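S.K.: Order-wise, the sequence lines are chains D, G, Y and B.
Start counting the first sequence at 1; every next residue gets the next number (this note's numbering).
Start counting the second sequence at 1; every next residue gets the next number (this note's numbering).
Start counting the third sequence at 1; every next residue gets the next number (this note's numbering).
Start counting the fourth sequence at 1; every next residue gets the next number (this note's numbering).
It should be emphasised that the hints constitute simulated quantities derived from the structure, not laboratory data.
All values derive from a computational prediction rather than experimental measurement.
Check before you lean on any hint, since a few could be wrong.
Mimicking DSS-like on lysine-lysine, the simulated pairs with C-alpha atoms at most 30 angstroms apart in a straight line are [as the list claims (entries may be wrong)]:
| # | chain 1 | residue 1 | chain 2 | residue 2 |
| --- | --- | --- | --- | --- |
| 1 | D | 82 | G | 84 |
| 2 | G | 322 | G | 84 |
| 3 | B | 144 | G | 84 |
| 4 | G | 88 | D | 82 |
| 5 | B | 41 | Y | 34 |
One-letter residues, chain by chain:
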Amino acid sequence: MPGLVETREAHGEMTLVVDPARLVEACTHLRDSEGFNFLADVAATDYLGWGGRGVAGYIGDASGRDLNRPGSQGLERTPEPKPKRFAMNYHLLAIPDGRRVRVQAWLDEDEPVPTLVPVWPTADWHEREAWDLMGIRIEGHPNLSRILMEDDWEGHPLRKDYPIGGEPVRFSGEE
Amino acid sequence: MAVAPEKPRIYEGSRIPSPTPTVLQVPPDLRGSEDLLQVNFGPNHPSTHGVLRLIVDLHGEDVVGLSAVVGYLHTGFEKSMEAKTWWKGITYPERIDYLSFQNNELVFVLAIEELLGLEVPEKATWMRMCLAELNRIHSHLVWLATAALELGSISMFWYCFRERDTILDLYEMVCGTRMHTRYFQAGGLAEDIPRGFFPEARKFVDWMPKGVDDYEGLVDRNEIWLERTKGIGLLSADDAIALGQSGPVLRGSGVDWDLRKAEPYLAYDQVDFNVPVYDNGDVWDRYKVHMDEMRESTRIVAQCLDRLEGMEGQPWIADDRKVVLPPREELHTSMESLIHHFKIVTEGYRVPEGEIYVAVESARGELGCYVVSDGGPRPWRVKFRAPSFVALEATATCMTDALVADLIAIVGSLDTVMGEVDR
Amino acid sequence: MLNSWLSFLIYALFALAIPLTMVAMSFVFATRPKRRIRARTLPFESGVSKGPPNQRRFTISFYLTAMLFIVFDIEIVFLYPLAVILHQLAWFGFVEFLVFIVILAVAYVYIWRKGALEWH
Amino acid sequence: MALKDHGLNSERVLWVGKGPGVFEEELGNLEDKLGLSTVEKAVAWAQGSSIWPDTFGLACCAIEMMSIVSARYDIARFGAEVFRSSPRQADLLIVSGRVAHKMAAPLRQIYDQMLEPKWVIAMGACASSGGMFNNYAVLQGVDKIVAVDIHVPGCPPRPEALVEGIVRLQEKIKAGVPPAYEIRGVAS
Chain D
1 MPGLVETREA
11 HGEMTLVVDP
21 ARLVEACTHL
31 RDSEGFNFLA
41 DVAATDYLGW
51 GGRGVAGYIG
61 DASGRDLNRP
71 GSQGLERTPE
81 PKPKRFAMNY
91 HLLAIPDGRR
101 VRVQAWLDED
111 EPVPTLVPVW
121 PTADWHEREA
131 WDLMGIRIEG
141 HPNLSRILME
151 DDWEGHPLRK
161 DYPIGGEPVR
171 FSGEE
Chain G
1 MAVAPEKPRI
11 YEGSRIPSPT
21 PTVLQVPPDL
31 RGSEDLLQVN
41 FGPNHPSTHG
51 VLRLIVDLHG
61 EDVVGLSAVV
71 GYLHTGFEKS
81 MEAKTWWKGI
91 TYPERIDYLS
101 FQNNELVFVL
111 AIEELLGLEV
121 PEKATWMRMC
131 LAELNRIHSH
141 LVWLATAALE
151 LGSISMFWYC
161 FRERDTILDL
171 YEMVCGTRMH
181 TRYFQAGGLA
191 EDIPRGFFPE
201 ARKFVDWMPK
211 GVDDYEGLVD
221 RNEIWLERTK
231 GIGLLSADDA
241 IALGQSGPVL
251 RGSGVDWDLR
261 KAEPYLAYDQ
271 VDFNVPVYDN
281 GDVWDRYKVH
291 MDEMRESTRI
301 VAQCLDRLEG
311 MEGQPWIADD
321 RKVVLPPREE
331 LHTSMESLIH
341 HFKIVTEGYR
351 VPEGEIYVAV
361 ESARGELGCY
371 VVSDGGPRPW
381 RVKFRAPSFV
391 ALEATATCMT
401 DALVADLIAI
411 VGSLDTVMGE
421 VDR
Chain Y
1 MLNSWLSFLI
11 YALFALAIPL
21 TMVAMSFVFA
31 TRPKRRIRAR
41 TLPFESGVSK
51 GPPNQRRFTI
61 SFYLTAMLFI
71 VFDIEIVFLY
81 PLAVILHQLA
91 WFGFVEFLVF
101 IVILAVAYVY
111 IWRKGALEWH
Chain B
1 MALKDHGLNS
11 ERVLWVGKGP
21 GVFEEELGNL
31 EDKLGLSTVE
41 KAVAWAQGSS
51 IWPDTFGLAC
61 CAIEMMSIVS
71 ARYDIARFGA
81 EVFRSSPRQA
91 DLLIVSGRVA
101 HKMAAPLRQI
111 YDQMLEPKWV
121 IAMGACASSG
131 GMFNNYAVLQ
141 GVDKIVAVDI
151 HVPGCPPRPE
161 ALVEGIVRLQ
171 EKIKAGVPPA
181 YEIRGVAS
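Chain D with its partners taken away, still in its complex shape (with noise of 0.2 angstroms):
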């Protein structure tokens, strides 16, 4: 498999860690000696911040306790660091016989990822959302703009230090 960098097995599912830089060499193999003809999702996410103090509940520290946060009890585990701040996951599937497979490329700040048009043509609408929501560029794209957002929308809404918008409600304490 060329490009893979990690092979991780959880919840039944098996993820392939690949290098962006060889990601559409190793689809190319997934498509075509792996059958994995059918691309079901193409996912972004932004892990800034991940495993910080206060983030998504995330309470006590090494000693468990947390004084200045009423209510923190126990040892919580910090969740495990992860290797950069963007993961593009290509959630592949084998249509005659129903393997499925995650492909994931970690990227950094404005790291760009070839696109997969030319192996799965649905990949085309992904890449611009991911684009658009996500801010991560596409590169080689036919025809990379917003999809979802308005084509004078500055920002990416996905984004973890995006604010959530909207309009400020009283007494609603943590949004």
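Following the hints, complete the assembly by docking chains G, Y and B onto the known chain D.
M.R.: Using the frame of chain D, we list chains G, Y and B on its own:
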């Protein structure tokens, strides 16, 4: 391209447009010509049934160029769900695909249970399957009503909405509201099944096949319907797989692939039903797949009812106190239940760290839910794989040598729900 | 002479009165828009209209289809007066009618074979 | 002076045991101040009892809006079952569903292209206030861009709730209450 099992070839090679797979370019000789008219099948168009915008280049009646513009119903589901706890987050997925809302809720709940490693009692699994199949019938009914309405068969609308209201009465009886029921919890169901449900559901199951015969009696041998659906919007098996189609669009193109059979979830392996597959990949075959699926779903619901009637008094939700609210009466007596109740309600239960992609066969096809959790009470990232989002990519391929009237039939047959496309 | 035409005149009067009152009522009771806004003058194009469509030629096929429709529509219009007095004309009228239909049927088969009815 | 005396026959008004509700009372004394002439009352009655909605389905509420035309919740009883797709021929804009910011401009353009007198029903929580989507993508309430006459609560509202909304709108019109853009003096 891995060749699908040998199927009669609808057309040679692939019709996917060259530079951009989702945009049908105007052929070079017509590009600057005077006869070209660009029309917006815009966000507010009676026939798109949702806020889809198609920029169509017309040469007389022929569609020579097409590009779909979406995003007019972008609601930022995934951003909102990142700010809600898992418990509150279950309310959001129903609004994504508001026609088969139960399947959306199911896929998110299955993802949470998979990450939690939670065992769901048998009664909850069977009731979930029963409601998911009822929801598939409901979604096919609304699709048939609007698709036939666009092609001129107005009376089909009233026929289909008669059965739709019967299904919604069943939902109202079980869950309290007609649509967006929020009946599934992480661990099982929100409430037990009310007593009067089974006789009512039996009545519906007996009536539904006659209902489907009514619909087929209306249009199956109707000359106009045949003329407007047979041989229109062709999509070969290889193109369908390359474009990532799923559900009735894929099974209409001759690919025998249904997640309920290929990767059985819930209890689909203990239920007897067959999957309709048609080979011609045109609007007519997608219509036939929808009709047969309604009959098959009714059979599944009947079998679910048989099993559920035997499960009177069984637990309908898991009893893992870390995740599931303890019953009310227990709060007055035991201190631990009070603490569990308080922890779940205020801060929300925590889902162990991990990432998972769960796929379910919703009415429109493979509905996937990719969930990343960082061990806290809020999801870190939720991404929905929407079959309608992918179905719109196939509009450019199906539109080769179509007329304007066929454009309406093709977009209708792809069964897209804009809430799911724009998320 | 008048009374034979009287019924027709009353009918014509009504035929004229109804649309005129509708138009008059719509002017009298219409609520005038306060301001002339640009959106009001634009053609409705599902909510995203930029301006009047750039006036392009219509392809010739539309014209051809319109002509064929006119031919066969007028054919039916000619049959109405015939139908009124068919009883008096008896067989002669019927044969005349058949000749008329046959000629047009020949024309219909010709254009059908030539493929003028298919859109291209 | 209850609305019944004005010949308004919506079911709720004719409910035997029911006294005038808050809505009727407000409407009741408002009528005395407005003091419509008989011609205006006739025009108001005509406008009220044949309101043509514009097919403006956005999201889940659109499915429930479709079902008010079906046989069970028949809106034809109130003269509103003709759903026009062009704003030129529509009097009522039922905003059914969540309004994304990208959809706000087309919505405003359609509202401008409707002819006076025109009314707006914000159907469902999302149209009335942004509902459960308090985020970057959704307009927090349609009344930020168009003047709204009736807010129908619910997510999605039951078809009866929307029919109730249309009936109340008809009562407002027949009572002579001007459309919302006139009351608020905003651009129509």
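S.K.: Please verify whether residue 144 of chain B and residue 84 of chain G have alpha carbons no more than 30 angstroms apart.
M.R.: holds (26 angstroms)
S.K.: Is the Cα-Cα distance between residue 82 of chain D and residue 84 of chain G 30 angstroms or less?
M.R.: holds (23 angstroms)
S.K.: Between residue 88 of chain G and residue 82 of chain D, does the CA-CA distance stay at or below 30 angstroms?
M.R.: holds (27 angstroms)
S.K.: Given the hint that residue 322 of chain G pairs with residue 84 of chain G, test it: the Cα-Cα distance must not exceed 30 angstroms.
M.R.: holds (18 angstroms)
S.K.: Regarding the pair residue 41 of chain B and residue 34 of chain Y, is the alpha-carbon distance no greater than 30 angstroms?
M.R.: holds (22 angstroms)
This entry satisfies every hint, going by the numbered hints stated previously.
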